[in-house]
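**Student:** So the protein lines, in turn, are chains Z and L.
Just so you know, full-length UniProt numbering puts 62 at position 62 of the first sequence, and the rest follows in order with no gaps.
Just so you know, full-length UniProt numbering puts 245 at position 245 of the second sequence, and the rest follows in order with no gaps.
Hints were generated in silico from the structure; no laboratory data involved.
One or more of the hints may lead you astray.
If chains are identical, the list can't say which one is meant, so a pair holds when it fits in one copy or spans any two.
Derived pair list, reagent style DSS-like, types lysine-lysine, alpha-carbon separation capped at 25 Å [stated by the list, open to error]: (1) 558 x 264; (2) 357 x 575; (3) 264 x 575; (4) 280 x 301; (5) 587 x 357.
Being a predicted model, the structure only gives us computed values, none of them experimental.
One-letter residues, chain by chain:
There are 2 protein chains.
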Amino acid sequence: MTTSVQRTNAVLASVSINPYSIVSHATADSPANWRSALQAVSSPEDFQLLKTLVFKPKTPKSAVTVPVVVLVAEQTEMSSSTLAKKLNHKEMRLAPDEVLKEFFTLDKDSLTPLALTKSSFPQVQTVFDLSIKSCTSLFAVRAFSSDTTVFLSGPQIASYLNSLESEEVRVQEIDFAQLKTETGVPASVSKAPATKEKESVKVEGAVQIGILYKKEIDFAGWYTDVLLKSEMMDYYNVSGCYILKPWSYSVWEAVQEWFNVQIKRLGVENAYFPMFVSSKVLEREKNHIEGFAPEVAWVTKAGNSDLEEPIAIRPTSETVMYPCALIQTAELPMFLTFPMSLDYAKWIKSHRDLPLKLNQWNSVVRWEFKNPRNFEEPFLRTREFLWQEGHTAHLTKESADEEVLQILDLYRRVYEELLAVPVIPGVKSEKEKFAGGLYTTTVEGFIPTTGRGIQGATSHCLGQNFSKMFGILVEDPNASAQSKEEKEKLFTDVVDPSAGKLFVWQNSWGLSTRVIGVMVMVHGDNKGLVLPPRVASIQVVVVPCGINSKTDHKAIFKGCEDLVLTLQNANIRAKADLRDGYTPGYKFNDWEQKGVPIRLEIGPADLAKSQAMSVRRDTGAKAPIALSNIAASVKQLLDVIQRDMFNRAKEVFDSHIIPVVKWEDVVPNLDDKNIVVMPWCEVEACEDDIKERSGRSAEPQDERAPSAGAKSLAIPFAQDRWPKIEQGTLCPACGNQAKRWTMFGRSY
Amino acid sequence: MTTSVQRTNAVLASVSINPYSIVSHATADSPANWRSALQAVSSPEDFQLLKTLVFKPKTPKSAVTVPVVVLVAEQTEMSSSTLAKKLNHKEMRLAPDEVLKEFFTLDKDSLTPLALTKSSFPQVQTVFDLSIKSCTSLFAVRAFSSDTTVFLSGPQIASYLNSLESEEVRVQEIDFAQLKTETGVPASVSKAPATKEKESVKVEGAVQIGILYKKEIDFAGWYTDVLLKSEMMDYYNVSGCYILKPWSYSVWEAVQEWFNVQIKRLGVENAYFPMFVSSKVLEREKNHIEGFAPEVAWVTKAGNSDLEEPIAIRPTSETVMYPCALIQTAELPMFLTFPMSLDYAKWIKSHRDLPLKLNQWNSVVRWEFKNPRNFEEPFLRTREFLWQEGHTAHLTKESADEEVLQILDLYRRVYEELLAVPVIPGVKSEKEKFAGGLYTTTVEGFIPTTGRGIQGATSHCLGQNFSKMFGILVEDPNASAQSKEEKEKLFTDVVDPSAGKLFVWQNSWGLSTRVIGVMVMVHGDNKGLVLPPRVASIQVVVVPCGINSKTDHKAIFKGCEDLVLTLQNANIRAKADLRDGYTPGYKFNDWEQKGVPIRLEIGPADLAKSQAMSVRRDTGAKAPIALSNIAASVKQLLDVIQRDMFNRAKEVFDSHIIPVVKWEDVVPNLDDKNIVVMPWCEVEACEDDIKERSGRSAEPQDERAPSAGAKSLAIPFAQDRWPKIEQGTLCPACGNQAKRWTMFGRSY
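Please model the complete structure; the sequences and the hints are all you need to start from.
**Tutor:** Here it is in structure tokens:
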């Protein structure tokens, strides 16, 4: 006897879909029962119910009944009359049970899209809500029984349906949200096409295992699909958390390795501070914590016991690290000193140990609640993410200022030199700076496909705010020297220990795994990921070709292996794909999806000519390379690819930064997917106003972007790129005197 | 007007003590009030109140009153008559307020040991509870006022008192716990000395900034003091969590760097899985979770909202990683596959992608509650710790078995080759193996000073338990090949998808920052830390000597800098200590405490002779080294030190493994700080019995060790070290047939 679990497994396995899970539960005959039955068993934290409805269109009695199968999320509102009109049916009614039995041998509570088979699919009309396709959260789908449910992501459901399609019969994708608007507000319908044409969304000529979406048409679907297919990330059953698979983690390791060398040259030392913060300490810095409080995750229990006081998981470590210097009114931060040292000289000389420069690589947690289903983006916005956070203390503002820019330039180099992603260094407006800090510098990136800016990494000068809060001071080295006797007097008498002392200047700076998401968005194409050579864990893949019963299969394999060794000996990260049973075409596609910068093909003809055929991932350009000096040639080609990728991206970015001096030009340029740069007054109220006015524009709200209004991205350091701002140059937004050219844009 | 906060700061600064914090609170006139006043303000999670009592001994009216100041924890029980007897006073009474005013100008609720000064100390008799000294948790100490409290650790209080001592007048340290026993159970008194002699505990000839405790006498105090003074760790205000300062984190980085290279050679890839686990997933594997449940920290809130379901912080990641393969009855773990791949060939061939080998570097949380005050040891036992965890899947048991040992050997090499710590590889008994696994291998270390075994790192074969639990299977490569048609039939028909499939074999293996603690305990001495050269972030420190008004100070500094460059160019991690205002003696002591393997001294005479004087940290041996070829000489010396440190430790370990064949020899050998190895029956009940019987021995319970009974540490792989076990060789504990030589010992 086959169970419904086994049946579900078999169906999904046949199209290589891995469900999140399949669960058995109490029999459920209504959406409410279904949901509570699922919640009583092992289910994901967050899911939607998938409704599978079957309608019977009104047809002449003589005609063959073609039932309409409608797949929408449970909460989707729809009227059968609107839908009927849309589908050019006169009228539609929910099909009686006998129709279900006839077509699917299932009743309404066990009906599932998985019951659609190659043979039944052409006999029905299948309608699918377009929004499900790009919805990466999970759907509960009936699994051939009212007591069994399979959890599938939107793209997985879409993928299953796609597998049933033929040239003649296709799934009809309808935007139900749009449909509702069409009914409610007919005036606005004409703007967007009612349905996206399936053919235009799907990448032409792609084999089935290829990327399912066109980057320029369904960017969100494309992004998710690329991340999954390139094996960069995978879903996880805690909402907002993702798995960083080796293919993305290795990019992070490349960034770490480079950055560690650079910061150690600047005298930074790595350390590790606990992930927990007591609530009292966390709440000490009011401005700072106001920025983070709504997102802090709290541990309140251990085992079965409640903790006396909840403990926070760090959202960032300023308040973790600085209290260690708490009330050190006469000392350095505790972590620099011998806590029990009795040596006066050391105490007096402590300012010589500045600057103190610590860094840690860790993960932080920011539990954002804003509708995670729509706002989460793997790498860009996740509840736990990996980063480095540097925290340094300086004797003078000059020393702090200098380091802020040294680090920012390292961040620029991570983006530009490692990831081939152009960024613009600048300073944040007062509104956008780090809560509790003095000023924030940033490297701002740009996602051309959406025309949105993205903050790349930030380097903050905290000023003396935290050192005053946490009492971190040192002896003023310029204070007059005291005699030994005077010093001893100081210690036996009761004196103000902060006299003649200075509060230190502090910086903090961080770069996160967001860099990976930005890199994917900027360079990826409709074939998948495109990796810049410097961060690719495999830079060159060698694929044997032209093997048939007549060729010397062993010689070609040997040729591939030798080539890989040659390349590896020249410190090129190379790998031969000698997997049996896969065609070269399959392998090409596989490594293209994964973004490997160079493919080298070796076939009998190549061996005979002592050459390999090289194919660039970024351009597709093919060229033979002589084996005799191949390591040097490949090295050079990797450099060219790295440079070309950067230059192309830079050209695109530059062409999308539009200088404007009139307000009328702001919104149209934003709507054309640009960033604008304008002479700005730098007044916070004006920034609020710009956001408000640009948000009111005609652009439809994009659920994926947190803000459709434009905010200031950065005041670029390189002001001379644009005409000098004179006395009388006015801010186009408010008409007051402008100060500096400032970039505004919609952003992530 | 000086506040009590300022006064406290000044007093502590005078002896360079950094308090944890100083807080103001509501006036408190009783211990209960005091505690609740503290709890209402920003205080550490966990602290004890320090009682400062002043007694007036009964003396003839004519004699000078010498008040007795007694410093004990609030909950310490004491009778004034017993104490009086102990102090050879006829009778003692609590001193009236006027005595307090006379001596300290303070009342009973503001009285503080900090009021003792160089001038008042000789006028009183100061009695201090010995147990406070080595208690690393915090004490609330009155800060010259009933509304102000300073938090100090036990060693800090001890340090303050020590700073007041002179040759004539010393603090009287009394073991109050012992005193109570003496009174209650007079019979047992004679066994241990009533008080430890202060002089014998303190390291002779140590300058004040040196290590305060002798390793062989007060091991716990010594360990903490070495970690603090060498700047390896610092306290943190969440109980059970510590800060890894750069000096220890760099050791961890050295381990990471080496281990990453080794595992990557074995085909292991690094990844990152989320720190959170949903409760349902965590609880899926019952045996496994039973081992961890009492220690799991739960997140129940984010911002101000309660989570729908509590989410755990990983105590380990088996249940984080394996559910990603949940109900993958026909597929590889999700993280290895293209989730939407529609390629049949790939599905059928998936076993070729085995073994799957993933590793992650992260922190895990195990919230142990067992009286943290006594059981925590920085690095050995902390609530959050850093580690790596490897998780691999194999097609066959043979492949899994092989890897278990490959990894175990890497762990052995981390200990022996990097940390110079000898370990014994072996397998754990059934009782001691990893919960839910098949078998556990281990490298077992030994702390000679306490005579206790310590588990170094473990490599587990999980068998198929987790793969069955989480349904991780692959196509059986040996199953008969099917035709394309047969395969298609398989997918269209409803069949049991696990037919012809194999559950994978899994391993997991982990090494934590515990390695640092073991290294400190094994190699450290009464001068401080001793670092093995291979993990020392500074291997050679160059100290200029013999500088006075007549010498050419610049030439010597230049000589030092040149020498450092020469060494650095030979990849030796060298640093010159050119700090001004510190004597060479101070610097020697400083770097000795920090354990730098080689000190090179350069003075005018050395420069004249073109030599440097080398001093080995491990032996203190001094020898001149010619500057002409110094890099090679130093390199060689570093190798010698590394080897010598290992050999010495190995000799000690070997001499403490005592083979026993009679039960009567077990406990005496354990009591002599040995590990015993005996022919053992390997029956679990026998192990319980051994623990029970050895725990009942005469040895006083040591609060610092979780178990005073002996448990099995490992069944060493190298059985031929001892006589062959024949038929008829009996287990000394139970008299049954013995199987293998097994190490038993008290342990951490």
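**Student:** Now tell me if each hint is right for this structure.
**Tutor:** Here's how the hints hold up against the structure:
With identical chains, the CA atoms of residue 558 and residue 264 are at most 25 Å apart between copies only, with a shortest distance of 23 Å across copies and 43 Å within one. Taking identical chains as interchangeable, the C-alpha atoms of residue 357 and residue 575 lie at most 25 Å apart only when they sit on different chains, with a minimum of 17 Å there against 39 Å within one chain. Taking identical chains as interchangeable, the C-alpha atoms of residue 264 and residue 575 lie at most 25 Å apart only when they sit on different chains, with a minimum of 14 Å there against 32 Å within one chain. Both within a single protomer and between protomers do residue 280 and residue 301 lie at most 25 Å apart by alpha-carbon distance, with minima of 17 Å and 16 Å respectively.
Within a single copy, residue 587 and residue 357 get their C-alpha atoms only as close as 47 Å, which misses the 25 Å cut-off; across copies the closest is 22 Å, which meets it.
Violated hints: none; the structure is consistent with every hint.
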